[in-house]
Structure formats: C-alpha cells, structure tokens
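Chains as they are written, first to last, in my numbering: chain A, 1 to 471; chain B, 472 to 565.
If you are wondering where the hints come from, they were derived from the structure by calculation, not from laboratory data. The C-beta atom is built at its ideal place from N, Cα and C for all residues, glycine as well. Hints may be right or wrong, so weigh each one.
Not close to chain B: a few residues of chain A, all C-beta gaps over 10 angstroms, as computed [claimed, not checked]: (1) A60; (2) R255; (3) D269; (4) L281; (5) S321; (6) N435; (7) R471.
In silico lysine-lysine, BS3-like type, Cα no more than 27 angstroms apart, as pairs [what the hints assert, rightly or not]: (8) K496(B) - K476(B); (9) K225(A) - K93(A); (10) K84(A) - K475(B); (11) K476(B) - K406(A); (12) K179(A) - K404(A); (13) K235(A) - K291(A); (14) K438(A) - K404(A); (15) K500(B) - K145(A); (16) K171(A) - K235(A); (17) K335(A) - K291(A); (18) K469(A) - K438(A); (19) K500(B) - K84(A); (20) K93(A) - K476(B); (21) K145(A) - K171(A); (22) K404(A) - K476(B); (23) K93(A) - K560(B); (24) K476(B) - K494(B); (25) K93(A) - K554(B); (26) K22(A) - K475(B); (27) K475(B) - K145(A); (28) K221(A) - K379(A); (29) K215(A) - K500(B); (30) K335(A) - K324(A); (31) K553(B) - K93(A); (32) K451(A) - K553(B); (33) K22(A) - K58(A); (34) K469(A) - K440(A); (35) K379(A) - K438(A); (36) K440(A) - K22(A); (37) K282(A) - K350(A); (38) K145(A) - K560(B); (39) K496(B) - K215(A); (40) K438(A) - K395(A).
Okay, here's what each chain looks like letter by letter:
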Amino acid sequence: MYENRDGIMIGLEVHVQLNRLKTKVFCGCTTDYHNDPPNSHVCPVCLGLPGALPVINKKAVEAAIKVGLALNCRVEEHTQFYRKNYYYPDLPKGFQITQYDFPISSGGYIIIEGEDGEHRVGITRAHMEEDPGRLVHEGTIDKSKYTLIDYNRSGMALLEIVSDPDMRSPKEARRYLDKLRNIVEYLDIFDGDLEGALRVDANISIMGGQRAEIKNISSHKGAEKALLFEIVRQKNVIRRGGIVVQETRHFDEAREITLSMRSKEEAHDYRYFPEPDLVPLKISGWAPAIKATLPELPDARRMRFVEEYGITDDHARALTSELKLAIFYEDVAEKADPRTAAVWVCDVLKGELNYRDMTIEAFKKEHMLSIIELLVSKKITEDGAVEIIRALLDKGGSPEEIVKEKSLLKVEGDIVSIAAAEAIKENPGAVADYNSGKEKALNSLVGAVMKKTKGRADARTAREILLGKLR
Amino acid sequence: MITKKDLEHIGWLARLELSDDEKEKYTPKLNSVLDYFNELDEVDTEGVEPTYHVLQLYNVFRDDEPGIGSITQEEALSNAPKKQDEFFKAPRMM
Ligand SMILES: [Zn+2]
Chain A
1 MYENRDGIMI GLEVHVQLNR LKTKVFCGCT TDYHNDPPNS HVCPVCLGLP
51 GALPVINKKA VEAAIKVGLA LNCRVEEHTQ FYRKNYYYPD LPKGFQITQY
101 DFPISSGGYI IIEGEDGEHR VGITRAHMEE DPGRLVHEGT IDKSKYTLID
151 YNRSGMALLE IVSDPDMRSP KEARRYLDKL RNIVEYLDIF DGDLEGALRV
201 DANISIMGGQ RAEIKNISSH KGAEKALLFE IVRQKNVIRR GGIVVQETRH
251 FDEAREITLS MRSKEEAHDY RYFPEPDLVP LKISGWAPAI KATLPELPDA
301 RRMRFVEEYG ITDDHARALT SELKLAIFYE DVAEKADPRT AAVWVCDVLK
351 GELNYRDMTI EAFKKEHMLS IIELLVSKKI TEDGAVEIIR ALLDKGGSPE
401 EIVKEKSLLK VEGDIVSIAA AEAIKENPGA VADYNSGKEK ALNSLVGAVM
451 KKTKGRADAR TAREILLGKL R
Chain B
472 MITKKDLEHI GWLARLELSD DEKEKYTPKL NSVLDYFNEL DEVDTEGVEP
522 TYHVLQLYNV FRDDEPGIGS ITQEEALSNA PKKQDEFFKA PRMM
C-alpha cells in the first residue's frame, strides 16, 4: 500500500483540442491554421460579430461521445450548452460557450500505473466547449502594455476532461496525463504534436487544506514540475504556521514556479446561463453504435501484444504507450521474430530516439527489419546493430551502406581467437585473478578482445574462446 | 435587493466604469427590474419540468464541412479599433 504521508490530493482538468476535425465546433472555419498567418481562419461566428449564430458540428459531438465511452463515462440523456461570462481579450463575445450542469458525459474512470501498482482515477465529467483565441504578449507577460490577439484558434472544439482528486503524487499526475493522451490519440480525434493541443489546469491540496488551482500548464513535464513546486510551497506555508488559501496560481514555465493570480474573494463570477442560440441535445441513443466502432484501446492492445507476440508486459506497456510506436512494432513483428523485435524497438531504438528528442517517424520499418535480419543471420554484432541505429538517426542512409562504411560485418572466429590469445598474454593480472576464482576478471579480458577487434567480435563468442584458452 | 456595492461588482464584471451619478440612477432601476421578475415567483410550478430552451427543438447539427462564411484576414481586421501587423490589439489584462 502506498502511504500518502502528506495527504496529497491532485485533480486535473485537461483541455483536449479535437484538432482532427475539419472545421471548428460552431462554425465552418477550417482547423488547419497552424502554419497560416494569424486571423486568417475566422468568420463572424468565431469573431463574435453581432448577429452571428453558432451551429454545432455533428462530428465534434460524436468525438466527444467517443472520448466519454473510452473513459468509461455514461453518455447523458440530456445535454446542453451555457454561456460562461467574462471579459478577456481572447474571448471576442464576452462569454465562452461551454457546458455546466448537463455535460455530455460523466462518471467514468481510467486505470493508471500508480505508486503502488494499478490505480483507478475517477473521471468526474468530460464536457464540450469552444477554445478561446490565442494571446501574444509583446515582451514578457508582466511588462508588456498590449496584448495581440489571433482568433484562428477561437472556436476550435475542446473537450474538458475533469478528474476526481484521486492522484496522490506529481508522478501519478504525469502518468494520468500520459494515459489520457494515449487514449485520445488511439481514438483518432486528436493530434498531440500540434501546438496547444493539450492544456492542463491542476488542483492540489495537502493535509486536508484548501486547494490551489494552477493554470497555464502546457506539458506533462510542466505539470509534474508545477505540482512539485506547489507541494513544497504549501508545506512551507503550513510549517510557518500559516494557512493555505484557496486561490488561482499561474505556472511560470521558464522559472518553474507558481505565482498567485487571484484569491477566492476576487474570483470570477461567471453568471452561467443557458445558451439561447443552441438547442439542447438528446444523443445518448448514439452511444451503442459509436461504442461498436471504438478502436482497440491501449490496455487491450497491451494485453494482446503479450498474448499474441509472447513479449513481456513491460515491453508491451512501453510499446503501446504511443500509438505510432505500437503500429511500428506490429509491422516489424509481423515479418521478424516478435521478441527480438520488441527488444530492439523498445529497449534500443526508443532509447536512442528519446535521447535525440525524436519520434518514431524518424525511423523506417524496413531498416529495422534489415537490422534484425543482419543480427539473426549473425552478420553483425549487437554493438554493431546499435551503431547502425545511431548512424541512421544522425546521418541517414541505409543499414547496408553503414555496415560497409563502418566495416561492421562480424569478424571471423580465427581473428577473435588471435585477439583472445593476445589479450591473455597482455593481461597476466586479469588471468591470475580469474584463475584464483574471481570470475569477473573475465569481463576485462572480453573487453580487451572487443577493443582489439574494434567491437566487431561477438561478445559471447569472445567469452567462449577465452574460456577455452584459459581452461 | 441590489445594493450600490452589488452594482459596483456587476459593473466591474462587465468592465464598465460607472460614475457616482450613474450608480445612484441604476441601483433603483435594477431593483425595479428584479421586482418585476419576482412576480414570476408567484406562479405555482409544482411538478413542472424546468424550461431550458424556449424552442421545443433538439439536435440541430451541421456537417463537418468547411462553410462559406469564413472571411479574409483583411476583412476580419477592418473593423478593429486597434490592430498591429496581422493581429487585433487590446490593452493588457492580468
Ligand atoms: Zn469561424
């Protein structure tokens, strides 16, 4: 059992942009604005011009139901929209169309890898709303006199997914975000690589105190850092005999700290009221048909990988943690030994990609198949295979070219034998150690052989030859 | 009962700067509007489902296809009181 000594309670509000839709949620403006000039994907509706009328995008509703079902939520019988009133430049109408007491779905959960194994995090609700515009500050946020506004993002379909306060550490919060992102990517309604695709607000309290809401978190790493900072801050307040007040705080990503924005007394009063321009929806009847079309989700895929390919649960978990990686692995595993493929895709390739901050798209499946083929036919060593992967990522080319260029073909047994004999001769100390029972001394002799053959000897072969000579 | 303080709060929420004269004038006016609504409280609504929308209409959708309503950047910015480069420009708010 995990002992939550500080009584940490974390709940997250995650805004997922339904950016795979062709158009915005209430108007026909296109969503592919990411490489276009500001204010070039707009219309009277998303600019909030007088008299413009919103009409809801049917596909957005379907996507919201998809997400609700994937998060084990109930799709509500009656759902409707509200106006949330506040004045801010990113909101051209002076209100945001969102949902309030009749969200489209609620009462679900997801299972994450918690501090003590599988941990269930409740989903309070997932509701639909429109994205505000994007603010660009001249200079830094606290020094600039003006705000510049781009309304291309205004009116993009958002889904706000609100969790119960079930996470007990920043690490669990991060795992939850990873899992959530993974699920929405599997559903094919969301592209996480686009700017602003997923934004997070975090609520956190410790030791039964009041909670702080942290805004402006734009990455999973950022969420973990903001929460770590906030725990230390709240602990210090309590240690000094103070009381943590309920307030909204802003996460300063560059400085990795949170700053007070407003306390409860001056909190906004949103004066929600039903949106008269949109009629209510009765769409729970769509749920069974949509449920039938749900794709295989990460957990199901993980279990299938273990069963179908005979790989370990750890490998299956890592491989299914990103949709693109899972697809890459499956394509490779269909043409090569699945276990070897799991080791090379998961343990080696993924590590090299992470190190370079690259995604799986930077690597070709055919290249992985060639490398596995070279390994299985014992033409290259494992070290050689790692070298090929690194060269492909750094310089490109093909495995065959790199093998030739770097002379990675495995050397013949007699060359290894000569190198082993030399190694024994040159390292009498290690030999004596080995003979006196220190088996580890053999490793340094293997190392010497590898060095002499420039890594082209197979370490296992070198070890066997050395053992033969030392006997 | 709306007090002068409530009025100031409502003004602040709407980002309206009200003079003392206006505050004196609007406080009773808003109260008379509210009094008028209070008459609705006298209606017996026992067992009546709340009305969320005046139309007895549900499920009005559009397809996820680009519409004809989009306008150019030039048109979008043409009515803006202040603009800079390709952006709308507003005072900074925190
Ligand atoms: Zn629009």
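We went through each hint and held it up to the structure:
A60(A), annotated as away from the interface, has a beta carbon of chain B within 10 angstroms; the closest lies near 7 angstroms. Distance check for R255(A) against chain B: the nearest CB is about 17 angstroms away, which clears 10 angstroms, and the non-interface claim stands. Consistency note on D269(A): stated as away from chain B, yet its beta-carbon is not over 10 angstroms from all of that chain's, at 6 angstroms minimum. A beta-carbon of chain B is positioned within 10 angstroms of the beta-carbon of L281(A); the least distance is around 6 angstroms.
Residue placement check: S321(A) keeps its beta carbon more than 10 angstroms from all beta carbons of chain B (closest about 29 angstroms). With a closest Cβ-Cβ approach of about 76 angstroms to chain B, N435(A) is found to remain outside the 10 angstroms limit, as its non-interface label requires. A cut-off of 10 angstroms between C-beta atoms confirms that R471(A) is not in contact with chain B; the least separation is 74 angstroms. A threshold of 27 angstroms between alpha carbons decides the hint, and for K496(B) with K476(B) the separation of about 14 angstroms falls inside it, so the pair holds.
Simply put, K225(A) and K93(A) have alpha-carbon atoms about 34 angstroms apart, too far for the 27 angstroms limit, and the pair is violated. Simply put, K84(A) and K475(B) have alpha-carbon atoms about 24 angstroms apart, close enough for the 27 angstroms limit, and the pair holds. For the proposed pair K476(B) and K406(A), the alpha carbon gap of about 80 angstroms is over 27 angstroms, so the pair is violated. A hinted pair counts as satisfied when its Cα atoms are at most 27 angstroms apart, and K179(A) with K404(A) does not qualify at roughly 42 angstroms.
At most 27 angstroms may separate the alpha-carbon atoms for a hinted pair to count; K235(A) and K291(A) exceed this at roughly 45 angstroms. Restraint check: the Cα-Cα separation between K438(A) and K404(A) comes to about 39 angstroms, which exceeds 27 angstroms; the hinted pair is violated. A distance of roughly 37 angstroms separates the Cα atoms of K500(B) and K145(A); the hinted pair therefore is violated under the 27 angstroms criterion. Restraint check for K171(A) and K235(A): satisfied, since their Cα atoms lie roughly 18 angstroms apart, inside the 27 angstroms limit.
A hinted pair counts as satisfied when its Cα atoms are at most 27 angstroms apart, and K335(A) with K291(A) does not qualify at roughly 32 angstroms. With a C-alpha separation of about 17 angstroms, the suggested pairing of K469(A) with K438(A) holds against the 27 angstroms cut-off. A hinted pair counts as satisfied when its Cα atoms are at most 27 angstroms apart, and K500(B) with K84(A) qualifies at roughly 25 angstroms. A hinted pair counts as satisfied when its Cα atoms are at most 27 angstroms apart, and K93(A) with K476(B) qualifies at roughly 26 angstroms.
A hinted pair counts as satisfied when its Cα atoms are at most 27 angstroms apart, and K145(A) with K171(A) does not qualify at roughly 38 angstroms. Among the hinted pairs, K404(A) with K476(B) is inconsistent with the structure: their alpha-carbon atoms are about 83 angstroms apart, more than 27 angstroms. For a cut-off of 27 angstroms, the pair hint linking K93(A) to K560(B) stands: about 16 angstroms separates their Cα positions. Straight-line distance between C-alpha atoms of K476(B) and K494(B) comes to about 9 angstroms, which keeps the hinted pair within the 27 angstroms bound.
Pair hint K93(A) plus K554(B) holds up; C-alpha atoms about 18 angstroms apart against a cutoff of 27 angstroms. Taken as a hint, the K22(A) and K475(B) pair is broken in the structure, with Cα atoms around 49 angstroms apart against an allowance of 27 angstroms. Taking the CA atoms of K475(B) and K145(A), the gap is about 32 angstroms. The hint is violated against a cut of 27 angstroms. Note on K221(A) and K379(A): the hinted pairing is violated, with a Cα-Cα distance of about 41 angstroms set against a maximum of 27 angstroms.
For the hint linking K215(A) to K500(B), the alpha-carbon distance of about 38 angstroms lies beyond 27 angstroms, and the restraint is violated. Between the alpha carbons of K335(A) and K324(A) the distance comes to roughly 18 angstroms, so the proposed pair stays at or under 27 angstroms and holds. Taking the CA atoms of K553(B) and K93(A), the gap is near 17 angstroms; set against the 27 angstroms cutoff, the hint holds. Under the criterion of a C-alpha separation no larger than 27 angstroms, the hint pairing K451(A) with K553(B) is inconsistent with the structure, at around 70 angstroms.
A hinted pair counts as satisfied when its Cα atoms are at most 27 angstroms apart, and K22(A) with K58(A) qualifies at roughly 11 angstroms. Between K469(A) and K440(A), the direct Cα distance comes to roughly 16 angstroms. Compliance with the 27 angstroms bound is thereby established for this hinted pair. At roughly 32 angstroms between alpha-carbon atoms, K379(A) and K438(A) are farther apart than 27 angstroms, so this suggested pair is violated. With a C-alpha separation of about 62 angstroms, the suggested pairing of K440(A) with K22(A) is violated against the 27 angstroms cut-off.
Restraint check for K282(A) and K350(A): the C-alpha separation of about 45 angstroms exceeds 27 angstroms, so the hint is violated. Only pairs whose Cα atoms come within 27 angstroms are accepted, and K145(A) paired with K560(B) is accepted, the gap being roughly 10 angstroms. Straight-line distance between C-alpha atoms of K496(B) and K215(A) comes to about 39 angstroms, which puts the hinted pair past the 27 angstroms bound. Between the alpha carbons of K438(A) and K395(A) the distance comes to roughly 42 angstroms, so the proposed pair goes past 27 angstroms and is violated.
In summary, the structure is inconsistent with hints 1, 3, 4, 9, 11, 12, 13, 14, 15, 17, 21, 22, 26, 27, 28, 29, 32, 35, 36, 37, 39, 40 from the numbered list given earlier, while agreeing with the others.
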